[in-house]
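As you go down the protein sequences, you meet chains A and B in turn. With my numbering as the guide, the letters of the first sequence map in order to residues 95 to 438. With my numbering as the guide, the letters of the second sequence map in order to residues 6 to 257.
Any given hint might turn out to be false.
[What the hints assert, rightly or not] Listed next, with one range per pair, are the computed distances between beta-carbon atoms: (1) B:139 with A:309: 26 to 32 angstroms; (2) A:177 with B:127: 33 to 39 angstroms; (3) B:78 with A:215: 51 to 57 angstroms.
[To be verified] Computed footprint of chain B on chain A; a stretch qualifies when at least three of its residues, placed anywhere within it, have a C-beta under 8 angstroms from a C-beta of chain B: (4) 310-323; (5) 328-334.
[To be verified] Sample of chain B residues lacking proximity to chain A, with all beta carbon distances greater than 10 angstroms (derived): (6) 72; (7) 86; (8) 88; (9) 96; (10) 103; (11) 104; (12) 120; (13) 123; (14) 138; (15) 185; (16) 202; (17) 222; (18) 239; (19) 242.
Keep in mind that the hints were calculated from the coordinates and are not lab data. Idealized CB from N, CA, C, for every residue including glycine.
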Amino acid sequence: MDLQIALLLGQDGVTNGAIYALLALALVLVFAVTRVIFIPQGEFVAFGALTLASLQAGRLPGTVWLLLAMGTAIALIEGATAVRARRFRRLPLILLLNCGAPLLLAASLLAVSPAGLPLPVQVLLTLMLVVPLAPMLYRLAYQPIAEASVLALLIVSVAVHVTLTGLGLVFFGAEGSRTPAFTDASFALGDAVLQGQTVLVIVASILLIVALYFFFERTLYGKALRATAMNRTGARLMGISGDLAGLLSFTLAGAIGAFSGVLISPITTIYYDSGFLIGLKGFVGAIIGGLASYPLAAAGAVLVGFLEAYSSFWASAFKEVIVFTLIIPVLLWRSLKTRHVEEA
Amino acid sequence: MSAPLATEERSVVLEVRDLSVSYGKVEALHGLSLRVHRGEIVTVIGPNGAGKTTLLSALIGLLPLRGDLVYLGERQSAGRSVEQLVRQGMTLVPEKRELFAEMSVSDNLLLGAFDRYRAGHRDQLETIDHVFDIFPRLMERREQMAGTLSGGERQMLAMGRALMAKPRLLLLDEPSLGLAPLVIREIFRTIAHLRSIGVAMLLVEQNARAALQVADYAYVLETGNISLEGPSGSLASDPRVIESYLGLGGRH
Chain A
95 MDLQIALLLG QDGVTNGAIY ALLALALVLV FAVTRVIFIP QGEFVAFGAL
145 TLASLQAGRL PGTVWLLLAM GTAIALIEGA TAVRARRFRR LPLILLLNCG
195 APLLLAASLL AVSPAGLPLP VQVLLTLMLV VPLAPMLYRL AYQPIAEASV
245 LALLIVSVAV HVTLTGLGLV FFGAEGSRTP AFTDASFALG DAVLQGQTVL
295 VIVASILLIV ALYFFFERTL YGKALRATAM NRTGARLMGI SGDLAGLLSF
345 TLAGAIGAFS GVLISPITTI YYDSGFLIGL KGFVGAIIGG LASYPLAAAG
395 AVLVGFLEAY SSFWASAFKE VIVFTLIIPV LLWRSLKTRH VEEA
Chain B
6 MSAPLATEER SVVLEVRDLS VSYGKVEALH GLSLRVHRGE IVTVIGPNGA
56 GKTTLLSALI GLLPLRGDLV YLGERQSAGR SVEQLVRQGM TLVPEKRELF
106 AEMSVSDNLL LGAFDRYRAG HRDQLETIDH VFDIFPRLME RREQMAGTLS
156 GGERQMLAMG RALMAKPRLL LLDEPSLGLA PLVIREIFRT IAHLRSIGVA
206 MLLVEQNARA ALQVADYAYV LETGNISLEG PSGSLASDPR VIESYLGLGG
256 RH
């Protein structure tokens, strides 16, 4: 391997690592706040990428139908609850939020041809279509069993993951999609060429991580999420309900996933089931951080990116094996290092 | 807080009638009734395991209860949630404090105002100054992590955090638990001060002497029933209370 190849692989590693880091952060966040191991995280990457590709191809993305269906289901549940509690004044808001907004979005997609829109608008539309699915999933699948054990929540996660993958096949078909690069710029870096898209991914990831940091450190809602992760009862007594924290953390996870999908769609061909593997690599990063530490999770995810890139050069057949084998020494080290202390 | 005081009848903040709480098939509280007026400290004293913490947990909505609960003149439905009660100005300072250990003192306090913030009030920085006036120690420690505070400071932080919600009824669960006598005195001085600024309190205590000294009215809770009640002054001189809870030298 010469320096040029090393740099090229390094570029690959950093780009993928940045995406894995974002997903790892989302996984840690969701687990800390709701104790859900969010396996469908990867589906949001695939849905983000494929929705953008559909929009650019001038097709109506299937995620619209999912948004409408889930919105209707939630409106029915919430509506029934409101009627039973005789709080009829809440009905218009419930309908507007869960049915009206998705309908409006669908209508506007039909009215204008999204293929001709500028890229930032297409990205915005993609996020508007995919991100709300996450809090809706929380409302439908997780909120009714929010107090269940971690294992039960994990089983629900597997079910949601399988369902979403199947829906992905229905919505987007079996062919993969790749969107055109956001930028054609490239920079010379010695002998190697630094792709503009790579720089974009890294810069966007760093910006998003900084934004998340400010959200958690500086805003009361961010602090409320951290508080729920630290002490659920204490947070409830302050009026921070588990439902609110769950919806908020799922929204963030959905946004991170969909945004990651938009970022990588020009780099890799994404299929309806590509999300799982991408999410799983973010999960390896999150495990390195013990599903608790944000900086360690991000660092671990970047390590996974490098490991993947270089092992694809030396032993490409064993690329995934090497990455996932990383979990074993990490778990060993963690279990030896951690002392289990009963809560006082 | 804006409603004028009725001339004769002091307004009732909380009225509980025939309240029962069960853990599965085991009934922990059997049909008890109590009442808290505005600007009043009501204490519930009693031995370990009498159901004092259960009472407060049920009142704040952490446990399901049976019976009538009227809070601020409104009958509470059985399905009421902690969040709804917090929105209506009921706040619990739990026995275990339940602080956010890895956050600074000021962040803990700010989160106490979370529900008011969510409801559109943006006065949390003023409120935090009031809390710092009441607990100057928290002001000194404001950048410190809550988990590194001493026991007394933690109790102060738990109370300060509850005050950030500007409660109309403060439920205090064993504020003296595990604290040194000097710190207990300071905590109870603060409780008396809070009454002077108009906060109604329901105080659950094992430390009967301190509780009866500060309270206006008292209930004695024994194995899930109220066995005695009355103005705290007369209860403090009741021979049954002296024998069971105050011990020798209860009155000097």
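Checking each numbered hint in turn, tell me which of them this model violates, lowest number first.
Of the numbered hints, 7, 8, 9, 10, 11, 12, 13 do not hold.
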